[in-house]
Amino acid sequence: MKLSPKISPITYEVLRHAFFAIIEEMSAALKRSAYSTNIKTRADFSCAFFDKDCRLVVQAFAQPIHLATMVHLVPNTIREYGPENIGPDDGILVNDVHRVGGTHLNDISLVSPVYYGGEVVGYVGNIAHHIDVGGGVPGSLPVSTSIYQDGLIIPPVKLVRGGEVQRDVMELVMANVRGKKENAGDFRAQIAANRLGAKRFAELYKRYGKEVVENFIDELFNHTEKRAREQIRSLPKGDYEEEGYADDDGVEDRPIRIKVKVSIKDDKVVFDFTGTDAQRKGPMNAHYGVARGIGAYVLKCIMGEDVAINHGLYRCFEVIVPRKTVLNAEYPASLVGMAEVGTRALEITFRALAKALPDKIPAQGKTCICNLSFGGVNPKTGEEYVFYETIAGGYGARPNKDGMEAVQAHWQNTENSPVEELEASLPVIILRYELIPDSEGAGKYRGGLGVRRDYWFKDHAATFSALTDVAKYPPLGLFGGLPARPLRIIRNPKDGDDTHIGSKVTVSLEPNEVISVQTPGGGGYGNPLERDPLLVLSDVIQGKVSLKRAREVYGVVINPETMEIDWKETESLRRSRMRVG
Amino acid sequence: MPRYRVGVDIGGTFTDAVAIDEESGEIITAKVPSTPQDPSAGFIAALEEILKKAKNGAREFRLIFHATTLGTNAILEGKGPTTGFITTKGFRDILEIQRQIKPKLYDLFQEKPKPLVPRNLCIEVSERIGPDGEVLLPLNEDDVKRAAETLKKNNVVSVAVCLINSYINPNHEKRIGDILRKECPKLFISLSSEVNPEFREYFRASTTIINAFLMPLISEYLDKVLSALTTRGIAAELYIMQSNGGLAPPEFVKNRPAYIVESGPAAGVIAGQFIGSLLGEKDLITLDMGGTTAKVGLVERGMYKLAVDYEVGSMARAELGFTKGGGYPLRTPVIDLVEVGAGGGSIAWIDQAGALHVGPRSAGAEPGPVCYGKGGTEPTVTDANLVLGRLCEEHFLGGAVKLDKQGATNALKKLAEALGLELLEAAYGVIEIANASMLRAMRSISVERGYDPRDFSFIVFGGAGPLHANALAAELEVKRVIIPPSPGVASALGLIVTDVKHDYSVTRIQRLDTANVDEINATYSRFEAEARAQLARDGIAERDMRLLRFMDVRYVGQSYELRLPVPHGKLSRKDLEEIIVAFHEEHERVYGHAERTEPVEMVNLRLEAIGVIVKPRLKRLNKADRPADNAVIHVRNVYFRDEGLVSCKVYDRRKLLSGHVIEGPAIVEEHDSTTVILPGYSAEVDELGNLIILKM
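Chains as they are written, first to last, in this note's numbering: chain C, 225 to 805; chain E, 18 to 713.
Derived from the structure by calculation, the hints contain no laboratory data. Some hints here could point you the wrong way.
[To be verified] Chain E regions said to be covered by chain C (calculated; three or more residues, Cβ under 8 angstroms):
id	region
1	114-122
2	372-384
3	460-474
Keep in mind the model is a prediction, meaning the values are calculated, not measured. A virtual CB, placed ideally from N, CA and C, is assigned to each residue, including glycine.
Produce the entire structure from the sequences given, and follow the hints as far as they go.
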């Protein structure tokens, strides 16, 4: 195969490096000048460049959940605002998901034009998670029943006009949010990143000429598409269906059905979510872009490293979701839990694909985002504070090895806050931060372990919110692998008296109360009775699996004194269990 | 009697030595195979090789500086002694949980780095220090004794202790240390409050564990080296190169091996800093281009930069973006480098959809580029340089190796045909793509960290570096390019031109406007007393001690700090106010904005203690009294992007004298390297023999 004769393969590769270098510089600028921990340390943001037809050319991010959101948001924002109304050095601020697409209100985007030679040649955009956008509870994670309760809605508005920040707009936004210092600092970083990106891309157009760059972009899309289709052709054709459930929407105690049919066709893949439940009153709803992101993420995972993420990849798959369902929700649905329902749908999609590619797909992992926030008045300073974080869980077992312990869900990759950093800046003490033994989904290969983190609000009344899932429907195993321990959130844990308070909840705590968050493990792969007894022994020695569980679930008998396997007993126990099974 | 200062660098395959005659500045190099079974054997062999090469029959070494990848390799291969970890109850799993992220975004079969201590040897003790250093729960000493039993039972050789918030109150850790010393007298013990008393528990614990993991190994190794030197009657002083770019004596390193984990790779940066200092050039971007990768560093205001968020086993790769979590965090200072998979041996290849790529796969030393004639078949960057006339088939390595130009041409022709290009176009394309990838690394170390390359000079090392230097410089618009003599060897100079250096730090989070000045003064005084005592033990005279104070500062609520210099002597409230002002300015400079009304807090107090070691004199060149014509070897055709094939003068660098000016396009050849000077540029030879390339 050859590249189009319109561009030299040398120029093509040099420009490819140059585009990446600029988008990386833009991301580094955003990260460097941001204020909040969430963006600076946890890298909860993404930057992208779109051509003049609003096609995604290059994107740099640490959170693949941002994959498809900007693909909707940027073109729609430009259309809504009217390209004729956007001038040089302008910046359009937006988080109005129902109007232009996106994730949830916390993710606020800034879109700016790239001008070269007096005309628009493209757009730079960035999306960043702000820790609070107002609404009912600190951190903006309420169990709300409409988008209005989620927080402040920002339609496409001009925050930056000809390089000048519009004070009125900024004031209006800032009046509606908590954590003003962080928010203001992060907005500044977003503005700085776009300014830099627009300048650098304009320089690139100047250096190489508009025609060369535009030819490059076309060829980049073609090249990506060719690479992707080639790989799709090597997949086993057919329709692969799966369905599953998210726990509930936090308002109504009724599971949410998610259904998917993955059709691998000659050179494209169709993800059809027809049969998925209607949108909910509670916040477990997502914009269509989130569903499209599932397609992009899943495909990227089963393809080689060298398939880039741009418009060319989006040509190779289709995502069908009927309107007004939880994966294609419309106004006025609350969207706070979009990533929760999205992550569940993603894991169900992988499960469907496991039927086509049993050697390539892991069992279900943590399956939730585990959004947590808390706030109150810091007794040391008398100042209001708000904090947001998410906690890792187990990774699903793989066809040839165990799942990782304590990692974020597939398309989520935000870091933890160090305990000492947290305690030094907020009035909370972490009592435990540890793996949960026996939380794995058992299997020939076992899932990773979930994580327990206990928060002690020693000397003040705080508000604690969780907006997550997977307390009722656990992460599932594959091909005989067992499900993992589900999520638990416990108020004031005591031995033997652990009542889960729900996965979508806001509680007002008295001073000296403890909240224990216990995340799910990952599902197992294959029959646990076929697990290598030496691996079971190693898990027992490591304290990851109990002696009791080794015997009951894995059929491995270990002498507690010598910590050696009783091979004879193990064999007969396994044989009898196999017969029963 | 000439006396040598020698640097010995033990790598995976070869042990390199570079020696400089302290009188004449003459440099001798040696290369012997490494001896992994007993690395000290290779060490001695390298020294003997140097003596063999010393024309004047020298037998005497005065100083031996030593870099080794022993530590890195032990960590990456997980080959170390049985190591234990003791921590606060509830936090046994900080090594398993790590940063809770996946090192790769789309790999369903990836793994997190395997903890250096297995979970069954991560032992909890009941105790808890609060964030202000208060004791929330006293230490249960019975737990510690039980832990000692477990360590003994499992034949643990070395243990790391890291308790939550011990950075602010080390008493429980110290007590645990005392009990363990009593219960297990042979155990190696590393306390986090001594190794790295900074906050953020996983990073401190990881650093302490790396220390514990390496202690038995490095102690044994250094003892062997010392006794081998004694046996051979070599009475030179031995210093070990640390990751911070400074030296430390063996006795210090035995207790703090975490400081020498990345002890070799940054030699080019230090060499750049040294040569820059001789030229009065304080701001430099350094490039060290080898066979497989190119490493880029940065020197600002005369100081090389330290890495933020360093992980052993996952060096910053320009092409990998932000992803962290692939290695073992190390919080002792490490010189900042960005590496990219572009070297002389990087292979040019075409993907299935027809696009051309260069690297990261490399032909390495075996089989090497096609033109080496050792069985390589895939075209490399070196092959492209040869085909373009930039390298000479006859003069490579001083003529010791004759290059196979026909072979290189054939390999590149195949590539060109597949791409539908002319041979020379394709060959130049390979160079351009390798350059694009190095430019990404250079942008990453400069613009992405807030520096404008136009304010910097560019100094280039590695045999292949000078072939590419001018083109890279033109792209980034750096001020000028410096090509030191023998660029292939010059980076090793970094090993022998550095100073003794120790770092001290502690975390104290306090708002600067209300901070306790007495406590800050007491901390710096304590650091300085410790540092002076240590430097004295290192054999440094009082007049050669330089103590530099720093403070890491941030806005209250941020989780990201900037390092600022702090004045000497007793600090007053006014000094702190000046630090606040300096912080706003630095924040503005680095991040582009400052919040002058926001409160500012100090996070870490730091001291850098330097024991200055007199630098060797470099050889000077004679002054030229006529043009460089008699240095011209021949004239040959060389390909340039815009001009095509141009007839170029090729100069012999050995014959160039101080003051000579060469106008581009031109080629300068020397034993281990070739410099390309582009049309529109000129190179002037300075008295140290550096080629200074400037735009005409």
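Checked hints:
| no. | hint | result |
| --- | --- | --- |
| 1 | 114-122 | holds (count 7) |
| 2 | 372-384 | holds (count 4) |
| 3 | 460-474 | holds (count 6) |
The structure is consistent with each of the numbered hints, conforming to all of them.
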